[in-house]
Amino acid sequence: MARKAFFAALLATLFTICGGLVATSPAEARADIYRYWTYFQVTDGEFVTSTKGVGATVPADGSIEAYRFAAPADFTKPNLPRADLGELTFDTICEHVDAADGKKRVAVIIDYGVPEDAEGGAEPPAPTAACAQADEKATGLQVLSAVAKTRAEEGLLCAIEGYPAAGCSVLVEQATPADPADPVEFELAGHEGDHHEDGGASTDASAEESDEGSNVPLLAAIGAVVLAIIVGGVLLSRRNKTAA
Amino acid sequence: MGAPRVKRLRIRGTYYPRVLHPGAWWLWALGLAAAATRTTNPVPLVLIIAVTWFVVTARRGDTPWASSYGLFFRLALIVIAIHVFFQALLSSQAQGLAVLFTLPEIPLPDSTGIKLGGAVTLEAVLTAVYYGLQLATIFCCIGAANALGSARRLLRYVPGALYEIGIACVIALTFAPQLAADAARVRSAGRLRGSRRGLRAFGRLAMPILEGSLERSVDLAAAMDSRGYGRTTGESAAARRTTAALVLIGAFGLMVGVYGLLTAHSFGTPLLLAGAALGVAGLWLGGRRTGRTRYRPDPWALPEVLVAGSGVLVAAAMFWTADHSPALLTLASPTDVPPVPVLACVGILAGLLPAVLAPPYPVSSAAFEVAA
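Sequence lines, in order, name chains A and B.
Each step along the first sequence adds one to the number in my numbering, with nothing skipped, and position 42 is 42.
Each step along the second sequence adds one to the number in my numbering, with nothing skipped, and position 25 is 1025.
It is worth saying that the hints were derived from the structure and are not from the lab.
Careful: at least some of the hints might be erroneous.
What the hints assert, rightly or not - Below, computed lysine to aspartate or glutamate pairings styled on DMTMM-like, alpha-carbon distance capped at 20 angstroms: (1) 77(A) x 135(A); (2) 241(A) x 1211(B); (3) 137(A) x 1062(B); (4) 103(A) x 135(A); (5) 1115(B) x 136(A); (6) 1115(B) x 116(A).
As the list claims (entries may be wrong) - Under 8 angstroms between C-beta atoms, here's a sample of chain A residues computed to sit facing chain B: (7) 56; (8) 60; (9) 76; (10) 77; (11) 142; (12) 145; (13) 152; (14) 161; (15) 233; (16) 236.
Only a predicted model underlies this, so the values are computations on that prediction, with no experimental measurement involved.
Cβ coordinates follow ideal geometry from the N, Cα and C atoms, glycine included.
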């Protein structure tokens, strides 16, 4: 009798587990929401989601590429860059950059998204537009790298200018809210001062240099520690050999 | 030189030479490996590799598996080389702007979406090296665990319900080197008879090896049987079935739970816990079946706690850094000068402590004679 009761309990457990699976699945049936950089090309004055990865496209001279960081509820209808394409044209972005021989000019629009998508609700970097000058055969990733720091993983774009700081296309709970109709002001890089050529990189380069200056002693210290560990290990193994 | 050293270590009380519990070494190594999974920054990764190597040098014994660290280290180098070959030299997807050299391009139709060859850039090479380095670091951690706490000793601690499987694994591990020696013997015998290399020669090689190992297995089985191995205490068929059902359902729950946890579904955690509870219950029930005690179990004393604790400390420091300043652990661009996560690095250096805290490996009797 006790055995029968035990088996009944066992079966009940099994059913609970399976039932729990079935019961939770409809609630989970909505597609998982990922937060990532969506990659667009501008054709006929509209943002069109790219069908290829950022490392697989070769943007044409005079085209516009756009990036938006968001967690769209429906990945077939991603949040678009909040730019007014009537104002932000190739000519307005690239007017200060002269075409060089054997190079192409591509306008790059980068929208870092809204605070809802930032880690801990922090204010994301201001949206920018910059003119990239790259080799004629340069891929979308190489064009983007010409104006911003990029972190990519096997052809997937993970971060622009170190935003987000970690992770690559992570699963999130909350989708990005629908964007308001009126566009956001985009900062045009390389339009003040005489630094035409290096686009938006000029301010970042100086910041990076100061970073490096403070970093090198620490790196040297770590290098010394690693060296000390290796020398210590070699000495130790020698002593052990002679001792044994 | 050897004699005074042994004497000094004996005087120190708790730190007389003895074999540390293999579980402590595995916990320490898993802590380091878990830390490595959270970063692609080469600074902490190289530091972790240096730490594992130093501790292995300081505390390994003269056992055959103690040299396995070198094997894993070579494997780690191969991993990095494969990463660089496939992701930097062959792929055009991850290329950046700083061209190092240009490989001849193999023309493929555009529709394949694949491009072979072309310009190889610093960004792609560095990205491949960093990701390869992460995997290589994990390899080194596993290698260190293998060299310090042998897998064979660890198998003694499988739960009683899995006793038969554990025994089978131990036997397989013990006989694997003999099999290799057998193969070498048969091959040199064949070469003396003038047989050639090739597929046919392989068939001629396989037969005697198979025969030899089968013979040895039958001998061993008879010897073990006569010593009472494989004996089970009296138990009903129903109880056995219950155990099997519990373990199976528990494993199923664990599997679905892990899936739920990885895909961030809400049913993940409760199912994982329920599956673990069922599995533990099944293993405990099954453990009662094999009524045997453990022969000379390794103690779990202060050194074990300290060694395992230092591994946990490494992982904790890295996870804290990953939570609070993730920018230190992931490079914004592969060509950036890697930042130094100071706290994580200090944590990793705590992983060096077992080189001092763990008791030294006992010197084998032959070495004692030389020392005396």
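Now the hints, each set against the structure:
no.	hint	in the structure
1	77(A) x 135(A)	32 angstroms, violated
2	241(A) x 1211(B)	41 angstroms, violated
3	137(A) x 1062(B)	58 angstroms, violated
4	103(A) x 135(A)	5 angstroms, holds
5	1115(B) x 136(A)	16 angstroms, holds
6	1115(B) x 116(A)	38 angstroms, violated
7	56	6 angstroms, holds
8	60	15 angstroms, violated
9	76	20 angstroms, violated
10	77	22 angstroms, violated
11	142	6 angstroms, holds
12	145	5 angstroms, holds
13	152	6 angstroms, holds
14	161	7 angstroms, holds
15	233	4 angstroms, holds
16	236	5 angstroms, holds
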